[in-house]
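**Student:** Using the sequences and the hints, build the whole thing.
So the sequence shown is numbered by this note's numbering: it starts at 5 and just counts up by one.
Honestly, I wouldn't trust all of these hints.
[What the hints assert, rightly or not] Restraint ranges, calculated between C-beta atoms of paired labels, are given here:
1. Arg198 <-> Arg177: 35 to 45 Å
2. Asn186 <-> Asp96: 38 to 48 Å
3. Lys214 <-> Arg138: 19 to 29 Å
4. Asp144 <-> Ala166: 45 to 55 Å
5. Asp219 <-> Gly167: 21 to 31 Å
6. Gly185 <-> Ser135: 16 to 26 Å
7. Ser135 <-> Arg198: 18 to 28 Å
Since the hints were made in silico from the structure, they are not lab data.
Glycine is no exception: its CB is placed at the ideal position from the N, C-alpha and C atoms.
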Amino acid sequence: MVTTSAVSATGAANTAPPQSKSSGFSGGDFETFLKMLTTQIKNQDPLNPMEGSEFAVQLATFSGVEQQVKTNDLLEQMSGQLGADSLSTYSDWIGRQVRTTGPVYFGKDPLIMDISPDPTADRVVLVAKDSYGRRISAEDIGKGTGLVEWSGVDANGARLPAGIYSFSLESYRGEKLIQQGNVPTYSTVHEVQRSNGKISFVLDGGATAKLDQIDALAVSGNP
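**Tutor:** Below you can see the structure in the form of structure tokens.
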């Protein structure tokens, strides 16, 4: 069952830290290059000596490669530092509610959702699926937009069991489906994790959300 709610939230945009690859090139190779170039000059054909322009080209080429390698190494160091700092960046999210399009946990309390159907629809259906992706309920709701509460009651009035659910909104014009999308739902952050350079959040009931599945952070404990 869906009821309207008078609460509001403020959005927050975030981006994931970039990744880069390092090179095994060593800055000490410049001395090796000079030794090789000196040997090349000593052993060159006296009748066909190396022109100054050739020497300049080799030196410029090496310097360019050396500079690029140093730049790549610096970028890798910066990326590693960003990765180390990212957990602390989101640590203040713990205990606060976020709006996520990912699966969320439904327990004893109603879930708060942000409904936004197609404005030209004449019928709107809220679909709930369990953690196995099975369609559990499909409820006709009003055509309005904004925050609503979902109390987890099926068509027979029976309360659905606690668990992880995902939600989608279907907008119809007549019998034609004109829009379908995930429903943003609020849940509390309990833990911030990083794996393979990617940030994720553990929400109520063990549900998890990736950073790109979160598009708003509540100003206080509730949206």
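**Student:** Please go over all the hints and tell whether each is borne out by the structure.
**Tutor:** Outcome of the hint check:
The supplied range of 35 to 45 Å is met by Arg198 and Arg177, whose beta-carbon atoms lie about 44 Å from each other. Checked against the hint of 38 to 48 Å, the C-beta distance between Asn186 and Asp96 comes to roughly 26 Å, which is inconsistent with it. Between Lys214 and Arg138 the C-beta distance comes to about 23 Å, which sits within the given range of 19 to 29 Å. Range check, Asp144 to Ala166: about 24 Å between beta-carbon atoms, so the 45 to 55 Å window is missed.
Restraint check, Asp219 to Gly167: a C-beta distance of roughly 24 Å satisfies the suggested window 21 to 31 Å. As the Cβ distance of Gly185 to Ser135 is approximately 20 Å, the hint placing it in 16 to 26 Å holds. Restraint check, Ser135 to Arg198: a C-beta distance of roughly 24 Å satisfies the suggested window 18 to 28 Å.
The earlier numbered hints that this structure contradicts are 2 and 4.
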